[in-house]
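Residue numbers (the UniProt record's numbering), protein chains in the order written: chain A, 1 to 186; chain B, 1 to 289; chain C, 1 to 382.
Take the hints with a grain of salt, since some may be wrong.
To be verified - Covered by chain B, per the in silico footprint, the following chain A stretches (three or more residues, Cβ under 8 Å):
{"no.": "1", "region": "25–37"}
{"no.": "2", "region": "66–73"}
{"no.": "3", "region": "113–124"}
{"no.": "4", "region": "146–152"}
{"no.": "5", "region": "172–183"}
No wet-lab data here; the hints were simulated from the structure. For glycine and all other residues, C-beta sits at the position ideal for the given N, C-alpha and C.
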Amino acid sequence: MQAHALEGGFTNAPIDAARAFRGLMTAMARPGTICDVSGATAPAPLSVAAGTAILTLCDPDTPIYLGAACDTQDVRDWITFQTGAPFAPADKAMFAVGGWDDLPLAKFAIGTAEYPDRSATLIVEMPELSSHGATLSGPGIKDTASLSLPDCAAFQANAMLFPLGLDFIFTCADRLAALPRTTRVR
Amino acid sequence: MSDYNFAYLDEQTKRMIRRAILKGLAIPGYQVPFASREMPMPYGWGTGGVQVSAAVLTPEDRFKVIDQGADDTTNAVSIRRFFEKTAGVAVTEATTEASVIQTRHRIPEAPLREDQILVYQVPIPEPLRFLEPSEVETRKMHSLEEYGLMHVKLYEDISQHGAIATAYAYPVKVEGRYVMDPSPIPKFDNPKLEMAGIQLFGAGREQRIYAVPPYTHVVSLDFDDYPFEPTKADHACDLCGATDSYLDELIMDDAGGRMFMCSDTDYCGTRCAAGHCGAQGTPLAEDAA
Amino acid sequence: MYVAVKGGERAIDHAHAWLAEERRGDRDVAELGVDQIREQMTLAVNRVMAEGSLYDPDLAALAIKQSRGDLIEAIFLIRAYRTTLPRFGGSNPVDTAAMACDRRVSATFKDAPGGQVLGPTFDYTHRLLDFKLAADGEVAEMPQTEPNAGETPHIMGFLDREDLIQSEPAGAEKPDDLTRSPLELPASRALRLQALTRGDEGFILGMAYSTQRGYARNHAFVAELRIGAVAVEMDIPELGFAIDIGEITLTECETVNQFTGSKTEPPQFTRGYGLVFGMAERKAISMALVDRALRWKELGEDNLGAPAQDEEFVLYHADNIQATGFLEHIKLPHYVDFQSELELIRKLRREAQAGSQAGEQAEGKGPSGGSLTGKMKEGVAS
Chain A
1 MQAHALEGGF TNAPIDAARA FRGLMTAMAR PGTICDVSGA TAPAPLSVAA GTAILTLCDP
61 DTPIYLGAAC DTQDVRDWIT FQTGAPFAPA DKAMFAVGGW DDLPLAKFAI GTAEYPDRSA
121 TLIVEMPELS SHGATLSGPG IKDTASLSLP DCAAFQANAM LFPLGLDFIF TCADRLAALP
181 RTTRVR
Chain B
1 MSDYNFAYLD EQTKRMIRRA ILKGLAIPGY QVPFASREMP MPYGWGTGGV QVSAAVLTPE
61 DRFKVIDQGA DDTTNAVSIR RFFEKTAGVA VTEATTEASV IQTRHRIPEA PLREDQILVY
121 QVPIPEPLRF LEPSEVETRK MHSLEEYGLM HVKLYEDISQ HGAIATAYAY PVKVEGRYVM
181 DPSPIPKFDN PKLEMAGIQL FGAGREQRIY AVPPYTHVVS LDFDDYPFEP TKADHACDLC
241 GATDSYLDEL IMDDAGGRMF MCSDTDYCGT RCAAGHCGAQ GTPLAEDAA
Chain C
1 MYVAVKGGER AIDHAHAWLA EERRGDRDVA ELGVDQIREQ MTLAVNRVMA EGSLYDPDLA
61 ALAIKQSRGD LIEAIFLIRA YRTTLPRFGG SNPVDTAAMA CDRRVSATFK DAPGGQVLGP
121 TFDYTHRLLD FKLAADGEVA EMPQTEPNAG ETPHIMGFLD REDLIQSEPA GAEKPDDLTR
181 SPLELPASRA LRLQALTRGD EGFILGMAYS TQRGYARNHA FVAELRIGAV AVEMDIPELG
241 FAIDIGEITL TECETVNQFT GSKTEPPQFT RGYGLVFGMA ERKAISMALV DRALRWKELG
301 EDNLGAPAQD EEFVLYHADN IQATGFLEHI KLPHYVDFQS ELELIRKLRR EAQAGSQAGE
361 QAEGKGPSGG SLTGKMKEGV AS
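Isolated chain A (complex conformation) (with noise of 0.2 Å):
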């Protein structure tokens, strides 16, 4: 293990990890909603928000799948250093971590009818995170909202799917959005 693994983790893990997860709960909260998070700095080349959810939110309990671009030995050692949470292939993931052409939506969980909260949560790291693009509406908007989407009509498919379907956290840089199974996309 390279000694990096040992760096970048929360210096006070339960006051960095409350103020991050208001961040995660006020994006998933509210679609479209742009937040500020740090407290984590991962290897290249994640991002400093995608590094600060997995802290906040990962552990042994919760199974990651790597995108490819991401699937480098020092994020591996960095995430099992810092969180122990075990890698699996995409099916048996509750988290993945990637850009959006490395994560196989159709593979991932979506929950079953008398669970549908066990399902996979995608952090999907962007080149760019803006309010500008897709339009948003549904439980979290008030009339409608924008966010630079990576795609439309796969996350119109998802929010087919509800109460089945994945949720995404969109990262960049040290900003974080959310896009839960619920939101309508035009």
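Starting from the structure of chain A, add chains B and C where the hints point.
For chains B and C alone, kept in the frame of chain A given last:
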């Protein structure tokens, strides 16, 4: 406070609760199972709400706790003290100043803003439980969206009493999908469930967390010819004169004399401080205590 | 003029102070030491450890002292403490065949290797108050003898060798942990046993008793009841082998129950199992009976609708900390809910009275016809 981890719970427990909260927000009204922990207060006394608050609070928060709408009821005091001690958060009794509000049985009268979070303590999260005691069966009903049993119950109420005989914990349908128990709030509060703030529900003993994101459609179940009616005592508050707030009824003497006052103590106090006065209130100028 | 009732904070502080004074009792009587409770109230300590799911006699004794002898309150203190403890790992399964038995009896064989060892039992005491204890608790020296050398084999092993009892192969999978993941039904047997061993002794006893009286009777023989100390070992990955990290006292009960069989399967006895921290044989026997009753499905028996067969009923109601919390919460204020019921009942009575005065022309008050579900307004998002 160095004896405890921030907000009492260990980090792994908080992560587990936080994951459940995110899934709850993504599936509004669906009850997410979570491995509730034993807390240093009894099950049934708000352990679900306390665990959710512990997972949500940050050091910057200002925390308010109400029970029956009041900040000074003993259990509200006890929970507020718990977080003052273990999380070092600032506390307040003013609804408008609070960023996180934990509640038992009421939604504050003042509309909540987008930057506020309301955490409910829930005793029995399953709205179908008193119609079907088996968890295996009710889970199946939710999965099939089979809510006929609830319809029949409400219909039988009307046949027997001429009205729906549910006064609190009145069931709602969230975003057109899940029937949800809004916790034992009076049905007067049901219309406020569509709000700007984030609503999180924690049931510790029953190991369930659920959520209603802001601006989510929340409809109280009813029939076209027996529409849902939010009701309250047909009085004004005797202290502040409010006619739009939910009232507590107090028995004043052996002859059964009654008075009515706002259950939301902050709402009432704020109105009194602004100069409003009810039939038995103390006019502002007379008394500063 | 009315002044609202305030003072929740002060009331709580004063209640705590009064509670502390009551706990101490008459100050002319010597204070009870935690070591005295640990040594002389051992069965209470054992129950608190078993239902608190934490093996620590000193802490259990402290909890009993703090709770003024209310064992459920003491169990609660232990549970709340337990959740704050970091978890370093899991031990290997304990080997009860290697138990140093203080007590070991079989009801199914007159004698067996290892013998019948009565041990410190109340069984054959005459339940007469011993007034000597009120004056002087000193006991005479007990005659000493050499402990049994070697392992005491399980009685079940003898039936197993003849294939007379259902085999119970060791599971390869690490069982779920009831305290770390939400209970999901149907539950595995491992989870059921976890719930039973930390369940309320009175509840488990009542459930077991109901099976004996005919509610899903399964005709249990106590093949073996053993109480004694076992070693707890833990694998240390850095060392590559297991080390002994301590010793705990356990009560284990194995029952032989009525046999099953069919035209294709020769008849075999079935089993129930109980394992509890400390000396707790009433609990261990009860647990074995309830375990056996809950196994009706895997053994192809009929569901007789008996409470002890109903997994959901037993598992959701066995925990006295959940039960006592929810039961006692009804003394908290509920005046908001009650007020809404008051309004409703007043309204219904007004309408009923108005209706009876208005005469008898109205018939069949209820929602007008048509499909019920069709008429139900749905909260569909646009």
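So, going through the hints one by one against the coordinates:
1. 25–37: holds (count 5)
2. 66–73: violated (count 0)
3. 113–124: holds (count 7)
4. 146–152: Violated: only 0 residues of the region 146–152 of chain A have a Cβ under 8 Å from chain B.
5. 172–183: Satisfied; 3 residues make the cut.
In this structure, the earlier hints numbered 2 and 4 are contradicted, and the remaining ones agree with it.
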